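Here is how the chains run, residue by residue.
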Amino acid sequence: MGSPAADEDLPQVLLIRNPPAFTIDGEEQFTSAKFRFLKAFESTLPPHDFLAARAQSVRAMLASGGAVVDASVLQFLPELRLIVTTTAGLNQLDLPECRRRGIRIANAGDVYSADVADCAVGLLIDVLRKISACNRYVKQGFWASKGDYPLGSKLRGKRIGIVGLGRIGYQVAKRLEAFGCSIAYNSRKAKPGVSYPFYQEVQELAAKSDALILCCGLTEQTRHMINKEVLAALGKDGVIVNIARGGVIDEKEMVRCLMEGEIAGAGLDVFENEPDAPKELMELDNVVMSPHCAVFTRESLLDVARLVVGNLEAFFSNEPLLSEYEDD
Amino acid sequence: MESISVLMTCPPVHPYLVEALEKRFTLHKLDSVPDKPQFLSSHRDSIRAVVGNAAAGADAELIDQLPKLEIVSSYSVGLDKIDLAKCKEKGIRVTNTPDVLTDDVADLALGLMLAVLRRLCESDRYVRSGLWKKGDYKLTTKFSGKTVGIIGLGRIGMAIAQRAEAFSCPISYFSRSQKPGINYKYHPSVVDLAANCDILVVACALTPETRHIINREVIDALGPKGVLINIGRGPHVDEAELVSALVEGRLGGAGLDVFQDEPNVPEELFKLENVVLLPHVGSGTVETRQAMADLVVGNLEAHFLNKPLLTPVV
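Here the protein sequences line up with chains A and B, keeping their order.
The first sequence begins at 1 in my numbering and counts up one residue at a time.
The second sequence begins at 1001 in my numbering and counts up one residue at a time.
Hints in this document: simulated from the structure, not taken from any laboratory.
Among the clues, some could well be false.
Okay, derived cross-link-like pairs now, DMTMM-like style, lysine to aspartate or glutamate, Cα gap no bigger than 25 Å in a straight line [stated by the list, open to error]: (1) A:208 x B:1287; (2) A:236 x B:1287; (3) B:1138 x A:94; (4) A:279 x B:1287; (5) B:1138 x A:274; (6) A:146 x B:1035; (7) B:1029 x A:42; (8) A:252 x B:1287; (9) B:1134 x A:42.
Every value quoted in this text rests on a predicted model; they were computed, and no experiment measured them.
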C-alpha cells in the first residue's frame, strides 16, 4: 500500500462487517492500490452513528452475507452508487430500495457455482448411498460386530427436479447428467435454449421427481415454497437437497415428514435458524447436514476476493463491472 | 433343477440371492456348516456349482475337493477369490457380474472424492455435535477442476472418468498398456501418475501383479495434499504403509471402501477427519444387488439347461 498521505486520496469502500475470509492464512485478501476500506466495525461508535459521521461521501460498499442493507442503512449513504457482495445470493439487500436510489450491484457471479454444485451432488450421493451413515458405522467398529449396513439406492435413472435453474442449478444439472440422472426444473419462467422439461408449478415438479434440489434465491415468492403439499407430492421415496436458503423450505413440516417417513431423506446445507439445526434431525441416519459451508473452500474464497477487488477497481476506473447483477 | 446341489462359499448375507437359489436348487451354505472338511467330504459327489462373492470364492483347495464341480458363479465382478487357472484346467465354467454394478461403483468413487475433499461426513458430525453454535466449520478443498488419476481404465475406470469430467476434472491414467483413441493423459507408471494428480483412484482388477500397487513410493508421490480413493480390493494397497502415511500426515486424505481383512478396519483411521471409511458398499444398492443376483441365478440356470452362459469369464 502507498504512504499514509497517498492513501487519503484513495476512494473509500464502506465495510460494515468483516467478510468471511477477509484474511486467509494470515494474509489480507481484499487489498488494492486503488481504494481503501472504511471499517465501520472497528469503530466504538454504534453503527448508524458511525455512518452518519463518516460515510456521507462513500460511493461504494462491500457487503457480505451478514450485512443487511436496507433503507435504514441507505439513508446514511446518500452518495452510494455501488454495492459489491461476497455472496451470490442477494437476500440481505433491499433490492427495490437500491434500484430506487440508482445503486448498482455486483455479486459473486459464477465464482461459487462449481463449489455449491459439488456440495449439492455430494449431499445427494451421500443420502442415496448412505456415505456419512456408513462412515459413522465403520468408525464405531460396527462393521465387524454388527455386519453389513443396509443397502442404498442407485443414481442412474433417478429423476432430478431442480428448483431454480440459475448458474448453480445449471451446474448441478450438468453434473448429474453424467451419473445417468434425468433432469427437469422449475424456475420463474422457462429458460430459452434449455432442453430440460420445465414445470411452472413446483408441486408438479415434485410429483415427477425422485429428488428435488433447491438452487433458487430466497425471495417473497420462494419463502416456504417447499411446503406440505410439495413434500407430499415428492413422496415417501423422495429426497430433498437444499443448498439455497433455509427459508425456502417449511422446515417444521420437512422435519415432521422426515420423522414420520413421509419423505426418504434430506441433504441440507442451510436452515431457517442458523446456526441451529432442528434437533430432531440429529438422530436420523437418512439426513446429511452441513453448516452452511457450500462455498467455503479455500479456492472459492481466494477467487471471490479477486472478483470483489476487480469489481471495485473497475468501478473506480469507470470501467464495466466484472459481475454486475441485473434483475431478470 | 431342485435336486442340483449348489454350495454358497460366501456368508449368506444377501436374502434375495439366497431365496432365488433356494427356490431353484438345493442350496448349501458353507458358512453355517460346523465341520467344513467333513461336510465337503460327504458332499463331494453332489456339489455341481459354487456361488461366491468378493469375500470368498473357489480356491485351488476347494476345487480339488469338489470333483463334480461344473460352474463357479460369482456374485461380484472381481475374480480374485477364484483360481481361474485351475478352473480352466478342469473345464469348470466361471461367471461374474460385470456391467450391472459399474454405475454404482463409479458413483461411490465420486461420492468418496466429494466426501473427503469437502469433508461432508465431518461437517455433518460438526452440526450434530452442536459445534456450529460455536463457530463456522473450517475451509475445505474444492473438488471441481482437480486432476483425477485412474489406475485401470476398464468399465469402472471409464465410468469414473466420465463422471469426473462433468466436474471439469482433467483425467489421467495408468493401465497395462496405453489405450488407443482415449483422450486422457497416459502415464507409464503408477508413481508417475501419483506424482501428477490430485486424487488417485484404484479401479483395476486384483491380480498377483496389482497386489500392493499402492505402496510407499506411490503414497510418497501422491503426497501430503494428495487423496487416495480405493474402490478396488483391499490388497491393492499396502495397508500398513497407508495407515502410517495418514496418521503422520504424509498423505492428504483417503476414501476407502475396501480393506485387507474385511470387516476389520485399522482403528488408527477411525479418528482421522480426512479419511472416509465404508463397509464395502461399492455395489450396495437394492437395484444393483438384485440385478447381480439375477445374473448369478441366470448363469446357473443357463448352464444346467445347456444354454449359452450370460456373463462367462472362463
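Results for each hint:
Under the criterion of a C-alpha separation no larger than 25 Å, the hint pairing residue 208 of chain A with residue 1287 of chain B is consistent with the structure, at around 20 Å. Among the hinted pairs, residue 236 of chain A with residue 1287 of chain B is consistent with the structure: their alpha-carbon atoms are about 17 Å apart, no more than 25 Å. Proposed proximity of residue 1138 of chain B and residue 94 of chain A is contradicted: the alpha carbons are some 30 Å apart, above 25 Å. A C-alpha spacing of about 32 Å is found between residue 279 of chain A and residue 1287 of chain B, which places the hinted pair above 25 Å, so the restraint is violated.
Among the hinted pairs, residue 1138 of chain B with residue 274 of chain A is consistent with the structure: their alpha-carbon atoms are about 16 Å apart, no more than 25 Å. With a CA separation close to 24 Å, the supplied pair residue 146 of chain A and residue 1035 of chain B stays within the 25 Å bound. Restraint check: the Cα-Cα separation between residue 1029 of chain B and residue 42 of chain A comes to about 73 Å, which exceeds 25 Å; the hinted pair is violated. In summary, the hint linking residue 252 of chain A to residue 1287 of chain B is not supported, as the alpha carbons are separated by about 32 Å, beyond the 25 Å threshold.
As the CA atoms of residue 1134 of chain B and residue 42 of chain A are separated by approximately 22 Å, the hinted pair is consistent with the 25 Å bound.
When each numbered hint is compared with the structure, violations occur for hints 3, 4, 7, 8.
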